[in-house]
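From these two lone chains plus the hints, build me the complex, please.
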Amino acid sequence: MLMTLPAGLALGSSYALLAVGFTLVFGVLRRVNLAYGATVMLGIYGALWVQERTGGGPVLMLLIVLIVTVVIGIYVEKLCFAPHSRRAAVTSMAASFAVWMQLEEVATLLLPGHALPFPSPFGQASGLDVAGFRLAHLLALGCALSVCAGFWALLYRTGFGLAVRALIESRQAAACAGIDVPRISALIFVLASALGAVAGWIIVGIDGQVTPMFAMWATLKGIIAAILGGLGSLPGAVAGGLLLGVVETVAQRSFGPQVRDLCSYLLLFAVLALCPSGLSALWSAAGASRAAEET
Amino acid sequence: MSGPILEITGLAGGYGGADVLRGVSLSVERGSIACLLGPNGAGKTTLMMTLAGLIRPRRGAMRFDGREVAGQPPHVAVARGIVLVPQDRMVFRTLSVGDNLRVGALRQAGGRRIEADLERIYGRFPRLRERRGQMAGTLSGGEQQMLAIARALMSRPKLLLLDEPSLGLAPLVVEDIFRLVTEINAEGTSILLVDQNVPMATGIARRVHLMEQGKITFSGEPGRLPEEELVERAWFGRLAGNAATASREEVG
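So the sequence lines, in the order shown, correspond to chains A and B.
Residue numbers for the first sequence follow this note's numbering, so the first one is 1 and each next one is one higher.
Residue numbers for the second sequence follow this note's numbering, so the first one is 296 and each next one is one higher.
These are calculated hints, taken from the structure and not from any lab test.
Cβ coordinates follow ideal geometry from the N, Cα and C atoms, glycine included.
You can trust all of the hints, since none of them are fake.
Ranges of calculated distance between the beta carbons of each label pair, as one might list FRET restraints: (1) 312(B) / 146(A): 49 to 55 Å; (2) 325(B) / 159(A): 29 to 35 Å; (3) 273(A) / 362(B): 54 to 60 Å; (4) 272(A) / 391(B): 27 to 33 Å; (5) 354(B) / 108(A): 47 to 53 Å; (6) 410(B) / 153(A): 17 to 23 Å.
Just chain B, with the same shape it has in the complex (with noise of 0.2 Å):
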């Protein structure tokens, strides 16, 4: 099957009664790895959330898979392959690291098979093999992360969304996060990735959403923009970034 694994149109709601999400639209095509940008406060993780179904769309439509899901319970979203790595990582930090992967694998009726994608799992991470015992609150901030994500890979997404995975990390830890990332998707599953790094982000992505104020103010290939503009509307929205083109330019 071909055509956009994830498409969206006119999605608006948050939470309590303001609309956070203002009329968002965007897709993600099958395979690819989709990059979300955008400065604090655009409504990025309220979008994630809303896909991930952990807050319901006041309007708009939600198409994965073909399907309409717009409004579905987050367990629902998880068993038709929409598979949310939240922002604080949220590893269940009394569980040991084995007990969290099986978490994800709940859904998935059948030891054996949960055992088989434990053993992969393992295979692909090694230091989790190595702390499997351990309980997950005293792994450091790298390895929570490593954990979180193999715990949505336990789920077996179609497409994973990772609310910025490298914020707080040291630089070694985030190269290996985004280097996981591609290797994720080389296996086939599509992506849709937040994050701050904006020239490691791009670096990956096939195409870029820049998300201002609840809206999409640009989508397409990183190459569009320059990438100065981009990082700089990622980091401040489009006021901040014109003005500080603006300032720039009197003083060249």
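Okay, chain A solo, but in the shape it has when bound (with noise of 0.2 Å):
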């Protein structure tokens, strides 16, 4: 059971990234973005057609992950959020269903077959042992922990993060304060799609191949991991990401894989029945009965 935890850990923290960029776009927006796992896909596609052709190494595939599912964001937001922002949410979440569909054609146009092997970043280390751990898991929790610091600080730390902030609890009154909501809105298109690129590099990197099912896959599990935390709350996000990666891991080793997606909904189930606001209802309660002493 503890050896599995490392494992679980490294999947569920590449979940809380996911489930972190899909939360920003919904905190922001208010809006569910159904083609941010076919943003991430063809990404990764991008990347396999790229080296292909040239044979590049995981640093240059992570460059063409971010770039291309950057680039993909950007392009959902313009054609999907950016001229609906007045209108009915409904109106661009139809809209990306409809261009997840459109970008998994384009994904398996540009490279057929099932599966497609990924070479893992983490080649080297992957049959290498660190205290019984593997150290290939070991990196993967790594690098998904120091994205996620890295976006704290930015959230944090910055004047933009301020302003995102803000823009999550109400757009009219950061209006009101001078703060250029559009912008804000097209920029978290940017940092949610290269947080879901990240995610998705780390976690083909670890399963060592692509297939076209990863879009939808991808989008559930985000979305899986958002709801667990609390749809809305970043915290919240990563507490959810971080769980369902556990629990599918041990699920996983202890049952088979066809357990593993029962569990996770089994998960779900359970948070929502006993919680139903999500994981950060927790700490948050415990905050406001703080507050609520205080005064």
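Quick look at the structure:
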């Protein structure tokens, strides 16, 4: 059980990045981006396409995944979100569903085939063990956590981060305070796409392959982790992602791959039944009662 | 530079399809307090939101500081110096008091200047300094109103739009707010104030604009209309006001 913890946290920290990206877009725009996983998948396929022709190393792959994902992210924003900002939220969701289908089609035309091998960025390390733990898992966990820490610093130490936090709380008040809401919303897509790109690069790196199912899979994991944490809460997204990763890994090791997805839905059901507003309600309720005692 | 800081003519528009504003014309003199009165539904808040760029007007002209500004987006309005303190205060409840104030200054690049402005604001609002680390949602109503005004000051406004700052506050707090408004004005900021507290609002305003059914029906110095009529028309509109006057005349 303890031995699966690093593997679970490695997977979970990537889920956390996906969930944070999903939550950023939802928090700032109050809209669901169904094309999120497809955006990341096209980035991964793009990197594989380049690698087939030039044979680049893992860092070049990451760079291409990042660039393609961010460019496609901007495309999704310009097509599905920016023009509909004053219409009903479902307009953007439906539009992003259509773009999801489109992006998935482009990816499979780019590189046909059911499962494509993806070179592990932690290749040389994948066989090695440190104190009984797979080194690859520790490296993946380290990567995801440092990206998370960098993102946190951006959010809590910079003016841009302050504008984002203000915008998540209220678009109207943010506009009154002089924040350029359309510009920050577009930048949020860039940031969310970059986080998703790193997460996707780590996940397919651990798995060693990518399939056309990745788009739906990544969107689902992002949404489940975000809902587990409490939709709209960034610390909740991280907690939800880590929990989901650990539960899935334990389930897979104990009962096999078929039970893994079943367990993630069971987890979602249990959390929503016991704590309907997600994990973040646990500490924000504690914070609220602390504040009430002080006054 | 002299002349009005804000001059609007024939402004029409509103949310969705219907025009709430039906040709509004008024001006605010540079360095003065102007007061906008009118019954609920007259369009006062719609006008304030249109001035702040939150609603695009369909017709009409809007000159601010000698420049045509109708249809500007809200962040441009703030950068040019038109800052709105909205009706329901709209502080960022989950952000700390200090962060709330910093958001107001994000347009002013340069961290050092922001911190200097912050010190100035804390000097004026010692209560906010005491609570700077606290989440804004835990403040009392009066403190939240102070915070909303302080945040607007962080944007260095030339024209401050205050939409019902005394709404729902205790009388002593209302006096504080009105004293604060006159102080801000004395430092050179022009102010357009919407408030239902007619005696206090007219007490500090140089000009009064009365708005009824999407139009300005009276503009002038507060003394030019009897306070009774002003109160009646500000609360109930012209028809109700006439009816009230008429019935009193019958009784008298």
